[in-house]
Amino acid sequence: MIRTAIKGLAANRVRMTLTGLSIVLGVAFVSGSFVFTDTINARFESLFTDVYAGVDATVRPDEATSAPGEAYLNANLLTEVRQVEGVEVAVGSVGGFAQMIDSKGKPIGGQGPPTLGFSWVDEPALNSFTISEDNGRAPTAAGEVAIDVATAESQDLAVGDEIDIQTIGGIDTFIIVGLASFGSEDNLAGATLSAFVLEQAQVLFDLEGKLSAIDVLAVDGVETDALVAEISTVLPGTAEVVTGEQQTQEQLDQVTEGLGFLGTALLAFAGIAVFVGAFVIQNTFRITVAQRVRELALLRAIGATGSQVTVLVLIEAAILAVVASAVGVLAGIGVAELIKMAMNAAGLGIPDGPLTIEARTIIVSMAVGISVTLFAALLPARRASSIPPVAAMSATGARTTPKSLRTRAIVGSTLTAAGTVAMTFGLLLENGASLPLVAAGAVGLFMGMSTLAPLAAGPVARLLSAPMRGITGKLAKENTIRQPRRTASTASALMIGVALVAFTSIFAASIKASVTDTLEGSFPADLAFASTNFSVGVSPVAVEELAAQEEFSVVSAVSAGSFEIEDVELKVVGVDPSTVSRVYDLGPSIELSELGDDLLVQEDVLVSNGWSIGDMITVDYPGSVSDSVEIVGTFTDATFANYVIAEEVFFENIGDDQIVIAFARLDEGVTLEDGRAAADAALSEFANVDVNTKSDQIAQAEAQVDQLVALFTGLLSLALVIALLGIANTLALSIVERTREIGLLRAVGMTRHQVRQMVRWEALIIAVFGALLGILIGSAIGFGVVTSLADDGLGSFALPAGQLVIWLVVAAVAGLIASLGPARKAARLDVLKAISYE
Amino acid sequence: MTLAPERVRVEVAARMKGGVKVYGSGGTEVRALDGVDIGFEQGHFTAIMGPSGSGKSTLLHTLAGLDSLDGGSVYIGDVELGSLNDRKLTMLRRERLGFIFQAFNLIPTLSAEENITLPLSIAGVKPDAEWFGTVVDMLALEDRLHHRPTELSGGEQQRVAAARALVSRPEIIFADEPSGNLDSKSGTELLEFMRTAVRELGQTIVMVTHDPLAASYADRVVFLADGKVVDQMDDPTPASVIDRTKILGG
Ligand SMILES: Nc1ncnc2c1ncn2[C@@H]1O[C@H](COP(=O)(O)OP(=O)(O)O)[C@@H](O)[C@H]1O
Ligand SMILES: [Mg+2]
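Each protein sequence line maps, in turn, to chains A and B.
Just so you know, we're using numbering that gives the first Met the number 0 here: the first sequence kicks off at 0 and counts up by one.
Just so you know, we're using numbering that gives the first Met the number 0 here: the second sequence kicks off at 0 and counts up by one.
Hints are computed from structural coordinates only; laboratory data are not their basis.
Hints should not be assumed to be uniformly reliable.
[What the hints assert, rightly or not] With a straight-line Cα cutoff of 27 Å, these simulated DSSO-like cross-link-like pairs (lysine-lysine) come out:
#1 B:K227 to A:K473
#2 A:K824 to B:K87
#3 A:K693 to A:K511
#4 A:K473 to B:K16
#5 A:K832 to B:K245
#6 B:K125 to A:K832
#7 A:K832 to B:K87
[To be verified] Not close to chain A: a few residues of chain B, all C-beta gaps over 12 Å, as computed:
#8 E141
#9 G186
#10 I241
Just so you know, even glycine gets a beta-carbon here, dropped at the ideal spot from N, CA and C.
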């Protein structure tokens, strides 16, 4: 049996290679995602364990019990900790925001990894950074700084150079005295690092007399657990002590959590690729079974049972699956290396070292590849078993009767409907969308649509071929109509990729439209000021500076943070009630100046919570402060948050360092240029704050969306490539089937050029059919998702017709490219062999 | 073994000079054509006979530009085929030759009418309605024009193939065992039609067959053995062909 199966595969070498490739690509993506995720975990783990090896315990503020904005230790605590029994050395340090600025005044980094500032620790065992001999020395006085080697290299900075660094207080100039490494690395996951002497760091971070942490080295022979227990006895309620290991693990988790998200996203795209691959596999096996009817019937005739024939086909699939999956796993290692290189190129430093290949990676990737292939081959294999032995005798081979149209319509519609319901349900769940449910719904929807597609294949092919001239067009049309299932299933593979790409385009266009609408509609301000740094907002000092400029009639800031209502953490913004309505339209139901100490709730949220105006509710601020507030009104615009309180209340209870954006209006007669100049002057000390006009803002938001779209589309293009392999495969197999027909056409005078043309038209019909289906489904999903997210600030549904047309054209061109090989093969066909009788 | 004397006639539709075709090499070498000199006059119906493996199909294919010779030359009219590239050969087949094969003559996705006009469609030429009518009429295919090949009987399918061969008014039609797969009644109808086409329309036909009865419809029979022309006979009858075959075969 196995030998027969191997022969079956060998007879179709090229086809099977193409099919195998569609498995390889999907599996490679799966294994690549795993290898990548495991590698970052392992690399950072070894780096962190190395670097923090010396720390036995760390004393730090207890976030839970510290008042907001007061999460620090009193410097006096250091003396007490030093006196604890078992403590050999204890060193205090501070950390905070420190943004380096390049010679052109632009902030360095900060668009992802944080910009960290900290005090240099002189005790090497407790210092995670080192400065090698030829990289200068540690800072020993105010005005000196050590920065990370990676930043120095990328900015072309050396020991002795000057650098401007912005901290919450403003910008100061420092002399670089040393270049520090983090363990063996030049940098910490892409973060920029600046180290100062403790006294200066305390000033820069506004932490005079305070510490962010105390690291402790135990006396030889003292257990860390005992040490921690001892230290905890001297700590106030607002501080806690943890072991070095625990601290390391927490830090590690923070770094890998961020990057691990990428692994999950990659796995999702791998899933899409595998799904599309399944279509290609199923189609290939169906066609090869159809082409081998006589051979399989002969096996039946000489005594093989129906299930033996099924097993034969499945063994072929299994051999293919095992080989292709194994190749895929190996290719995945290359994929992981590529992702790593891309990440490093993007500035997200991943520590050097070997890739981590876990047994799990190999097992899961192989299992996915093999099970998907077998599953996809199951239906064709089952069909093979229904071939009657008599088919061996008849010249044409028995045609398996196609499923009735009604059954097809019913099954297809049911699947489509179930998929749609699952998706809708998954999207509209109370506590945010459920990704697995949405994915399952999408799978159902795609399978349903591909079941229905053969019904549309005929009419669509007729329509599409209408402009195709001459006999080549006519033959191409007839060929696609002749096997509607084959055409439809080939097109379906493309449909999936195009649907997702189209959805991405639509979703992105809708986000852009919504952002533009919001900005145009509710943004009477002329200028906006936002931080370019992800980890730090606009300094209140900067807002004061801006307000002092006489070019502005009003400056108003928005702070964003969170509080809890009934133990649920919620986003809340603080606004200046007296000025906000002049720069931003929240759509309030009352005059904002009447807000006082109370609360505004977004109108839909008010209703869904069953509250009404005048209700008293209890809110819990960070740091265990509770307050009972009255809901005095509602508002409509949910861009920032669903809860609004007065700035003063926000500053007091949540913090004054969480301004996300500030707005300004120009005074009568001041031009935009003058306003901008005034803003630039006011913000000279705050390099991380960007000055934006309304159109800048729109452009910025759009650029961000575009970046994401480009990334998604890039990843989805893998699914498109696999679908194109499918088109090439189907065409090649159809051509083998039609050898005699093509031979006859050539004999009676069809030129090679015309034969190629015919195959190209066929590819074009299939590709455009698939792309049209995809755009249709993508638009439907897009519409559904956008409308269901209307409450979350996605107000406008936009259909980027131009982009969708471009995708259609891209699919058509890609289809043509996929047809190149088969077309050439058809044109090169040996006429004589084709027409020779037996 | 006597070679046919060269007939000196001006209107030769096709001819082969010193045709050699070798398959394989060394010990397994087969000389499918071994120095064939032959001409086909215009307006004549020639049958090529010979035992299986004697080179009949090879002769037909090389004459029709479907295969190339290893030695010698083939002329259609005064065009030497060896000098043509694939494109020119294809054009020549399309414009000047017609074909009827033993089986699989029709494109299954096209109707009978579309199959008949196929060479013209490929050339992008509109069929001459009157001529099309004449051909269809002669082959009694009016009622079958809109049927697909699978809906036609074997005899009808071969008549459609014949109509296709005729409709572009080729200089010469090549037929390889056209009645080989037909029952005797359909076979006879087809052969009679072919003879009519020669007699009344002046069509030139070269037909390969191993059936003496089929050969008797021709004006002349050429006998092939081991890749060589071994004999010829004008105005054959079934009996005379059988006699000659016996002598040659013995
Ligand atoms: N493609 C080929 N490869 C090898 N030998 C061939 C090929 N075609 C024909 N032959 C050989 O050439 C000889 C003549 O074949 P053919 O012209 O088909 O004979 P006929 O049509 O008279 O039966 C035979 O011996 C046959 O085996
Ligand atoms: Mg033959």
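Violations among the numbered hints: 1, 4, 5 and 6
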